Amino acid sequence: MTTARFGSAFAQRLVALGCVGVVLWTLAPIAWISLASLQTERDIIQVPPYWVPRAMTLDNYGYIFTGRIPQAMVSAGASSGSRISQEARRLLRAVGNSFIVATLVGAGNLLVAVPASYALSRFHFRGSSWYETLIILSRLIPIPAIAIPYYLMVSKANLVDTHLALVLIHLALTLPIVTWFLAGYFRDFPRSLEEAAALDGCSTLRIMTRILVPLAVPGLMASAALAFMTSYSEFFFALLVTQTIRAQTAPVILAAIGNNQDVSLALIAVSTVIAIAPIAVITLAFRHYIVRGYTIGVEK
Amino acid sequence: MSVAEQVTVMRAARRERRLDHFPYLALLPLTLLLAAFTFFPVGYAGWSSLHELLLSRPQSAPFIGLGNYAEVVASSYFRSSLVTTLLFTVVTTAVTLVLGLAFALLLNAPLRSARVAQVLVLLPWAIPTVAAGIMWRWIFNGSYGPFNGLLYSAGLIREYVPWLGESLGAQLAVSVAHVWRSTPLPTLLFLASLQLIPRELVEAVRIDGGGAFQALRNVALPLLRPTIMIVAIYQTIVSLTTFDLVYVMTGGGPGDATSLLSYFTYVEIFKGLNVGTGSALAFLLGLVSLIFIGAYLYLLKSESLE
Numbered sequence: 001m002t003t004a005r006f007g008s009a010f011a012q013r014l015v016a017l018g019c020v021g022v023v024l025w026t027l028a029p030i031a032w033i034s035l036a037s038l039q040t041e042r043d044i045i046q047v048p049p050y051w052v053p054r055a056m057t058l059d060n061y062g063y064i065f066t067g068r069i070p071q072a073m074v075s076a077g078a079s080s081g082s083r084i085s086q087e088a089r090r091l092l093r094a095v096g097n098s099f100i101v102a103t104l105v106g107a108g109n110l111l112v113a114v115p116a117s118y119a120l121s122r123f124h125f126r127g128s129s130w131y132e133t134l135i136i137l138s139r140l141i142p143i144p145a146i147a148i149p150y151y152l153m154v155s156k157a158n159l160v161d162t163h164l165a166l167v168l169i170h171l172a173l174t175l176p177i178v179t180w181f182l183a184g185y186f187r188d189f190p191r192s193l194e195e196a197a198a199l200d201g202c203s204t205l206r207i208m209t210r211i212l213v214p215l216a217v218p219g220l221m222a223s224a225a226l227a228f229m230t231s232y233s234e235f236f237f238a239l240l241v242t243q244t245i246r247a248q249t250a251p252v253i254l255a256a257i258g259n260n261q262d263v264s265l266a267l268i269a270v271s272t273v274i275a276i277a278p279i280a281v282i283t284l285a286f287r288h289y290i291v292r293g294y295t296i297g298v299e300k
Numbered sequence: 301m302s303v304a305e306q307v308t309v310m311r312a313a314r315r316e317r318r319l320d321h322f323p324y325l326a327l328l329p330l331t332l333l334l335a336a337f338t339f340f341p342v343g344y345a346g347w348s349s350l351h352e353l354l355l356s357r358p359q360s361a362p363f364i365g366l367g368n369y370a371e372v373v374a375s376s377y378f379r380s381s382l383v384t385t386l387l388f389t390v391v392t393t394a395v396t397l398v399l400g401l402a403f404a405l406l407l408n409a410p411l412r413s414a415r416v417a418q419v420l421v422l423l424p425w426a427i428p429t430v431a432a433g434i435m436w437r438w439i440f441n442g443s444y445g446p447f448n449g450l451l452y453s454a455g456l457i458r459e460y461v462p463w464l465g466e467s468l469g470a471q472l473a474v475s476v477a478h479v480w481r482s483t484p485l486p487t488l489l490f491l492a493s494l495q496l497i498p499r500e501l502v503e504a505v506r507i508d509g510g511g512a513f514q515a516l517r518n519v520a521l522p523l524l525r526p527t528i529m530i531v532a533i534y535q536t537i538v539s540l541t542t543f544d545l546v547y548v549m550t551g552g553g554p555g556d557a558t559s560l561l562s563y564f565t566y567v568e569i570f571k572g573l574n575v576g577t578g579s580a581l582a583f584l585l586g587l588v589s590l591i592f593i594g595a596y597l598y599l600l601k602s603e604s605l606e
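Keeping their order, the protein sequence lines are chains A and B.
Each residue of the first sequence is one higher than the one before, starting from 1 at the first, in the numbering used here.
Each residue of the second sequence is one higher than the one before, starting from 301 at the first, in the numbering used here.
No incorrect hints appear here.
Covered by chain A, per the in silico footprint, the following chain B stretches (three or more residues, Cβ under 8 Å):
no., segment
1, 334 to 348
2, 413 to 422
3, 432 to 444
4, 451 to 462
5, 586 to 599
Here are the simulated lysine to any residue pairs, SDA-like style, with alpha carbons at most 25 Å apart:
no., chain 1, residue 1, chain 2, residue 2
6, A, K156, B, H351
7, A, K156, B, F570
8, B, K571, B, L584
9, A, K156, B, E352
10, B, K571, B, S376
11, B, K571, B, S380
12, A, K156, B, P358
13, A, K156, B, L355
14, B, K571, A, L152
15, A, K156, B, G346
16, B, K571, B, F543
Simulated from the structure, these hints should not be mistaken for lab results.
In this text the structure is predicted, and so the values were computed from the model without any measurement.
For every residue, glycine included, the Cβ atom is placed at its ideal position computed from N, Cα and C.
Based on the sequences and whatever the hints tell you, model everything.
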């Protein structure tokens with residue numbers, strides 16, 4: 001359905017204007033902090049602000065990547081709001097940690113959820129109907145409530161401050177939804193090929209890996225991407241079970257930089273941009289799969 | 301029975317046997333993970349909500365029945381936090397639904413600007429909530445925030461206002477940030493549903509002399525109803541359990557103006573070191589979620605009976 005199709009040229013222009021409005025609302029905060037990341041501290045705190053930057057510099061990025069303190073901060077000395085944060089120097093490693101964890105979570109989701117959802121979609125066995133309801137209901141609990149038992153388990157297993165602890169927790173957070181989604185996705189698949197293969201004596205495992213998986217690549221990509229995104233952004237548990245840069249992820253370091261009262265605004269801006277840039281690029285690159293993944297439930 | 305037939309029967313029997321095991325084996329890893337990371341923690345939280353469990357002396361945790369629940373419900377903090385959370389949930393869910401629908405209608409237009417917007421509109425949802433919180437905290441900042449700059453340049457205020465330092469200002473700021481971050485997903489879902497509406501239906505309205513508004517009211521909205529319900533339920537749960545934004549933007553303040561129940565639970569456990577009352581709070585919050593879901597399902601059912 002379209003509103004513009006019927007409309008006059010005027011109505012079309014109105015709709016186009018509306019679309020520009022949507023983009024402005026969406027991009028304004030991101031654009032503002034990106035511009036701030038390219039300015040000096042002094043320019044950032046102008047009242048009223050420079051709507052168009054007076055001068056642009058890459059010095060703030062230089063500090064994150066090379067540790068060289070921006071010239072503007074050196075000359076401003078120790079005056080207010082011009083301070084450096086050690087955390088900012090750890091940001092790149094944190095982004096790296098986020099990538100390691102999120103990639104493993106994406107892959108782990110496929111390894112665990114594909115057989116599970118295939119079983120749920122193809123076989124009726126005792127308890128199969130309430131199993132799906134149960135795994136979805138399990139996600140209703142507020143997160144702080146399960147923090148203490150999570151921490152106890154992780155420390156008992158000697159996994160505090162490791163990637164593995166985060167991978168396991170993020171797997172548990174994402175698997176219910178991914179399994180539920182994939183089970184629905186597999187149900188819509190035609191079964192004739194599988195039945196033919198079964199008649200030829202193919203084992204269920206072979207049918208799954210040789211027939212189902214190649215056909216299901218779009219759904220699998222969507223699942224992996226969703227798990228990746230969730231893991232990359234997850235903050236609470238990452239804060240809970242990490243202590244040092246060995247395992248701290250981008251949101252944890254970003255929150256530490258952002259909540260440091262003494263840290264320079266320019267550094268907060270740069271850190272925010274660096275933390276969101278990779279995930280923004282990945283999301284836009286994989287958007288066809290992701291959109292399809294999320295909308296498949298609506299289309300049924 | 302010929303040999304070939306026998307072979308077929310044997311193969312079928314072997315397959316039957318394998319089928320018996322396959323689903324259980326395939327579900328084993330998932331079940332183990334969920335048992336460890338969901339069923340056990342939830343059980344633990346349920347147990348601790350019935351015991352006086354303080355992190356300052358974890359050795360003794362006497363059973364106190366519903367004592368924690370009574371303590372939480374009786375506290376004035378809980379009541380103010382509950383009211384704030386309900387208001388926040390209702391307002392942001394409604395705004396997100398309306399904005400998502402409006403965005404989807406605009407973005408569904410066959411225009412180049414709409415196609416570009418369809419891509420960019422995903423961004424707020426893609427980035428970590430912590431980053432979104434930092435951006436919006438910046439925008440509403442009382443000494444360098446561009447929102448103040450805008451009002452100041454327009455001559456609406458004489459000096460910058462510390463929005464995050466005032467109760468209502470902080471509540472609105474967190475709400476705006478939450479709506480900004482939440483709108484992409486409903487937009488996406490509404491867009492997908494809109495694209496499924498048969499063109500003939502819309503054209504029929506058109507032939508009958510109806511305008512775009514009639515098409516929206518009589519064709520699109522009824523067909524979108526299931527999607528609206530899914531989005532409402534999902535968004536309600538997300539709003540009820542909002543934590544990251546509050547942590548980054550306001551720390552629950554000023555005072556307890558933005559202490560949503562989820563943040564309050566965190567404070568009870570990690571600042572008050574009282575796992576018992578914190579867990580009780582969490583279960584109360586879960587109960588509120590269930591009440592909301594029940595209400596939506598009841599609405600959906602009564603509507604489909606009409």
